[in-house]
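> Using our numbering, read the sequence shown as starting at 7 and increasing by one per residue.
Hints were generated in silico from the structure; no laboratory data involved. Among the hints, a few may not be true.
[Stated by the list, open to error] The calculated DSS-like cross-link candidates involving lysine-lysine, where the alpha carbons are at most 25 angstroms apart (straight line), are: (1) K332 - K295; (2) K332 - K312; (3) K295 - K312; (4) K312 - K350.
[As the list claims (entries may be wrong)] The calculated label-pair distances, taken between Cβ atoms and stated as ranges, are: (5) G50 - E145: 27 to 35 angstroms; (6) T343 - D240: 31 to 39 angstroms; (7) G456 - A323: 20 to 28 angstroms; (8) A335 - T303: 18 to 26 angstroms; (9) A194 - F51: 57 to 65 angstroms; (10) G147 - F51: 16 to 24 angstroms.
Glycine is no exception: its CB is placed at the ideal position from the N, C-alpha and C atoms.
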Amino acid sequence: MRSSSRSSSSSSRREPTENDFGVPTEITASSPDAPDEVDAEDRGFETRIRIGRADTTVSGQHRYVLRYTLPEARISTGQLALDVIGTDEALETERFEVVVTGLELRDSLCNVGATGTVGGCNLAPQPDGTYRAVIEPLEPGQGITVGGTVIGVAEPIDVPVPPEPARPDDVRVPLAIGMAALGTTAAAGIFAVSRRRGRNQVFGGGGAADAAFGALPRPGSPVPAASTTLIADDQLASLATIEFVPPTGLAPWQGAAILFERLDDDVVAAWFSGQAAAGVITLESRDGKLVVGPGPTLAEADETTKGIVTTMLNGRAELTLGTYDKHFAAAWGRVRTAEQAMIKQSGWWTRLPTFGSSGGSVRLVVFVIFGFFVFGAGSVLTAVLGAIQSLPLALLFGTVVPAVAAWSMYRVLLPSRSATGSAVALRTESFRRFLEASEGRHVEWAWQHGLLREYSAWAVSLGAAGAWARALAASNVP
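Using the sequences and the hints given, assemble the complete structure.
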């Protein structure tokens with residue numbers, strides 16, 4: 007029996023052999039360029055022969071020659087019926103040749119296919135005295151059975167090993183280079199499109215003074231007609247300066263939303279920080295847990311804010327956080343809904359940011375990268391890369407995967423601020439820079455002017471809490 011096949015990857019080949027004619031003996035395997043250690047396991051109804059090393063993965067085309075003896079072939083019965091290969095082979099064999107020598111047969115037969123299939127191949131006598139059947143290809147899940155009536159025996163003929171099929175050109179390196187180039191181009195293209203689509207309007211010609219000029223209208227109010235220019239996020243950030251006061255009329259959560267262009271759990275949390283700074287609620291650390299209660303200015307708050315606090319407390323004098331509370335969860339949901347409504351009618355964006363929990367894009371990117379390296383850790387990726395050695399599939403794979411990762415990363419650039427939104431963002435960023443660079447004397451000034459709690463809420467909302475805390479520690483505020 008001889009077979010030749012091409013496989014893209016293998017750490018060990020398995021050859022299940024049924025034990026109808028006894029447990030195989032004198033098992034040997036050889037390969038000129040791949041591990042050929044043999045391990046045989048008698049499983050009762052069959053013997054599983056493993057060739058290779060479990061800790062070594064080889065790729066490309068390799069030849070294995072497997073030899074064994076079936077000790078109880080029962081040729082003396084006058085019948086040959088041999089299952090050459092079972093139906094559990096998962097890979098295609100391009101060419102499978104069965105050679106029978108040392109026997110004279112009448113009514114030779116050859117069956118190929120699923121269990122119970124009759125016919126499909128021909129075990130034909132040859133001039134050299136052998137009987138041969140060639141199956142091209144042997145599909146996955148197909149088995150081969152040969153047989154016939156034995157009418158005589160003869161000296162076995164030494165059957166030469168057939169020449170190896172021509173090795174395919176190794177295109178992995180050129181493909182890898184091409185796929186890397188395609189992936190880089192796709193990612194760069196998505197970045198460029200996202201950056202362009204997410205450009206922000208600014209007043210005037212794009213100068214810092216023009217972009218953040220004048221009194222800002224309240225969210226949703228008409229904006230006076232003025233000439234505008236489109237600039238990207240990084241260009242907008244370069245126009246920010248340092249301002250010692252927050253934007254007039256803006257709440258900390260609104261500053262976080264316009265600056266970071268997202269409406270997630272961090273922005274909802276900023277709402278609570280702002281209410282604590284305004285005295286609407288109280289926040290107190292007690293025994294390592296945060297305790298929330300009504301503040302001295304709750305009665306002066308707007309009806310929406312009162313309703314949210316009432317929902318949160320649900321008639322309780324205070325609420326200790328740290329475990330799930332359905333009333334607090336309901337209040338959190340009401341804050342998110344109110345913030346979304348305000349953002350939609352604010353007029354700060356010509357293309358709104360995504361509403362949702364924080365970290366979604368990052369998690370998707372991590373998932374894509376993790377999935378790719380999970381493939382890379384095993385033989386699955388090798389099989390995939392072996393399957394995409396055709397140019398179209400390689401181009402598709404090399405473009406789609408980086409494109410998905412790039413879109414996940416760069417979709418945060420898609421929101422586009424209006425001119426008013428850009429002005430608000432510039433003033434917010436300028437104040438954030440002040441908080442980030444603050445010293446003890448700035449904290450003392452805020453305390454002297456009754457602004458310490460408000461500035462602290464802004465620092466938390468804008469991600470400058472660490473710098474503000476260091477400035478507070480260096481101050482003389484009691």
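> All hints, please: hold or fail.
Verification of the hints:
1. Annotation: proposed proximity of K332 to K295 holds, straight-line Cα distance about 18 angstroms (limit 25 angstroms).
2. At most 25 angstroms may separate the alpha-carbon atoms for a hinted pair to count; K332 and K312 meet this at roughly 18 angstroms.
3. With a C-alpha separation of about 24 angstroms, the suggested pairing of K295 with K312 holds against the 25 angstroms cut-off.
4. Pair hint K312 plus K350 holds up; C-alpha atoms about 22 angstroms apart against a cutoff of 25 angstroms.
5. Judged by the Cβ atoms, the range 27 to 35 angstroms given for G50 and E145 holds: they are separated by roughly 28 angstroms.
6. Under the hint 31 to 39 angstroms, the C-beta atoms of T343 and D240, about 32 angstroms apart, fit the expected range.
7. Between G456 and A323 the C-beta distance comes to about 27 angstroms, which sits within the given range of 20 to 28 angstroms.
8. Between A335 and T303 the CB atoms are about 25 angstroms apart, so this pair conforms to the stated range of 18 to 26 angstroms.
9. About 58 angstroms separates the C-beta atoms of A194 and F51, a value consistent with the hinted range of 57 to 65 angstroms.
10. As the Cβ distance of G147 to F51 is approximately 19 angstroms, the hint placing it in 16 to 24 angstroms holds.
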